[in-house]
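In case you want the letters, here they are:
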Amino acid sequence: KAGVTQTPRYLIKTRGQQVTLSCSPISGHRSVSWYQQTPGQGLQFLFEYFSETQRNKGNFPGRFSGRQFSNSRSEMNVSTLELGDSALYLCASSLGGQVLDGYTFGSGTRLTVV
Amino acid sequence: KQEVTQIPAALSVPEGENLVLNCSFTDSAIYNLQWFRQDPGKGLTSLLLIQSSQREQTSGRLNASLDKSSGRSTLYIAASQPGDSATYLCAVRPLDSGYALNFGKGTSLLVTP
Numbered sequence: 002k003a004g005v006t007q008t009p010r011y012l013i014k015t016r017g018q019q020v021t022l023s024c025s026p027i028s029g030h031r032s033v034s035w036y037q038q039t040p041g042q043g044l045q046f047l048f049e050y051f052s053e054t055q056r057n058k059g060n061f062p063g064r065f066s067g068r069q070f071s072n073s074r075s076e077m078n079v080s081t082l083e084l085g086d087s088a089l090y091l092c093a094s095s096l097g098g099q100v101l102d103g104y105t106f107g108s109g110t111r112l113t114v115v
Numbered sequence: 055k056q057e058v059t060q061i062p063a064a065l066s067v068p069e070g071e072n073l074v075l076n077c078s079f080t081d082s083a084i085y086n087l088q089w090f091r092q093d094p095g096k097g098l099t100s101l102l103l104i105q106s107s108q109r110e111q112t113s114g115r116l117n118a119s120l121d122k123s124s125g126r127s128t129l130y131i132a133a134s135q136p137g138d139s140a141t142y143l144c145a146v147r148p149l150d151s152g153y154a155l156n157f158g159k160g161t162s163l164l165v166t167p
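Keeping their order, the protein sequence lines are chains A and B.
The working numbering applies: residue 2 is where the first sequence begins, and numbers increase by one.
The working numbering applies: residue 55 is where the second sequence begins, and numbers increase by one.
In case anyone wonders, no lab produced these hints; they're calculated from the structure.
Some hints here could point you the wrong way.
As the list claims (entries may be wrong) - Covered stretches of chain B (chain A as the covering partner; in silico rule of three or more C-beta atoms under 8 Å from a C-beta of chain A): (1) 67-75; (2) 147-154.
Said to hold, decoys possible - Below, computed lysine-lysine pairings styled on DSBU-like, alpha-carbon distance capped at 35 Å: (3) B:LYS159 to B:LYS96; (4) B:LYS55 to B:LYS122; (5) B:LYS159 to B:LYS55; (6) A:LYS14 to B:LYS55; (7) A:LYS58 to B:LYS55; (8) B:LYS122 to B:LYS96; (9) B:LYS159 to B:LYS122; (10) B:LYS159 to A:LYS14; (11) A:LYS14 to B:LYS122; (12) B:LYS96 to A:LYS58; (13) B:LYS122 to A:LYS58; (14) A:LYS58 to B:LYS159; (15) B:LYS55 to B:LYS96; (16) A:LYS14 to A:LYS58.
Think of the CB as a built atom: it goes at the ideal place given N, C-alpha and C, for glycine as much as any other residue.
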């Protein structure tokens, strides 16, 4: 079956611009989480959505936002980009109904801010 | 706040060796622990998921154990191969974090032919 699909794979943006990243979860999965990965900080949790509702949010500024659609696809938006936002952004999906569920990750979107 | 530590940060072994990767966490109040593999520039591949009530899980040449009371997990790789070269990450799901995973910084493994 198809895995977690993230688009685009690579992005180059200029400081001050905004960007939208997309994530399509595994069919039947209703939970989508987003993580930022950088060499210095490792993997950090951004937010998690289930049935179009944000259930959890990490410690990131309000410039980072997300949403989930009725088909469970999710988008993440970063406004007023800063150089420090350069990172690999990973999306993960799970069935979502139980906290015991494991996660399946996508291949990520590599964002470079110049 | 849950802290997850992985030791060593990097490891180089000759092909065929059995090896152990370590993961420790500061708060034993977790739902589960998951081991992932990450190839350079790629996403995470799930290897094993251990629920807090379990002691170990096995998949092929991989075996992961969990000692929740001491805050430790180990990933055992038998008969290592060059294709096992990657970064291995462990992540815990704390009881108080809702649906967020706390990751360690990973162990970078190189298996030489």
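Against the structure, the hints:
1. For the stretch 67-75 of chain B, the assignment as covered by chain A is violated, since 0 residues bring a beta-carbon within under 8 Å of that chain's beta-carbons and 3 are needed.
2. Residue count for the stretch 147-154 of chain B with a Cβ under 8 Å from a Cβ of chain A: 5. That meets the three needed, and the coverage hint holds.
3. Taking the CA atoms of B:LYS159 and B:LYS96, the gap is near 15 Å; set against the 35 Å cutoff, the hint holds.
4. Only pairs whose Cα atoms come within 35 Å are accepted, and B:LYS55 paired with B:LYS122 is accepted, the gap being roughly 16 Å.
5. Between B:LYS159 and B:LYS55 the CA atoms are separated by roughly 16 Å; this keeps the pair inside 35 Å, and the hint holds.
6. Between A:LYS14 and B:LYS55 the CA atoms are separated by roughly 34 Å; this keeps the pair inside 35 Å, and the hint holds.
7. Using a Cα cut-off of 35 Å, the hinted pair A:LYS58 and B:LYS55 holds, with the two alpha carbons roughly 15 Å apart.
8. This hinted pair checks out: B:LYS122 and B:LYS96 have alpha carbons roughly 30 Å apart, not beyond 35 Å.
9. With a C-alpha separation of about 20 Å, the suggested pair B:LYS159 and B:LYS122 falls inside the 35 Å cut-off, and the hint holds.
10. With a C-alpha separation of about 27 Å, the suggested pairing of B:LYS159 with A:LYS14 holds against the 35 Å cut-off.
11. Taken as a hint, the A:LYS14 and B:LYS122 pair is broken in the structure, with Cα atoms around 43 Å apart against an allowance of 35 Å.
12. For the given pair, B:LYS96 sits about 24 Å from A:LYS58 by alpha-carbon distance, which is consistent with the 35 Å threshold.
13. Distance restraint check for B:LYS122 and A:LYS58: the Cα-Cα separation of roughly 26 Å lies within the 35 Å cut-off, and the hinted pair is therefore satisfied.
14. A C-alpha spacing of about 21 Å is found between A:LYS58 and B:LYS159, which places the hinted pair at or below 35 Å, so the restraint holds.
15. Our distance criterion of 35 Å between C-alpha atoms is met by B:LYS55 and B:LYS96, whose separation comes to about 28 Å.
16. Between A:LYS14 and A:LYS58 the CA atoms are separated by roughly 25 Å; this keeps the pair inside 35 Å, and the hint holds.
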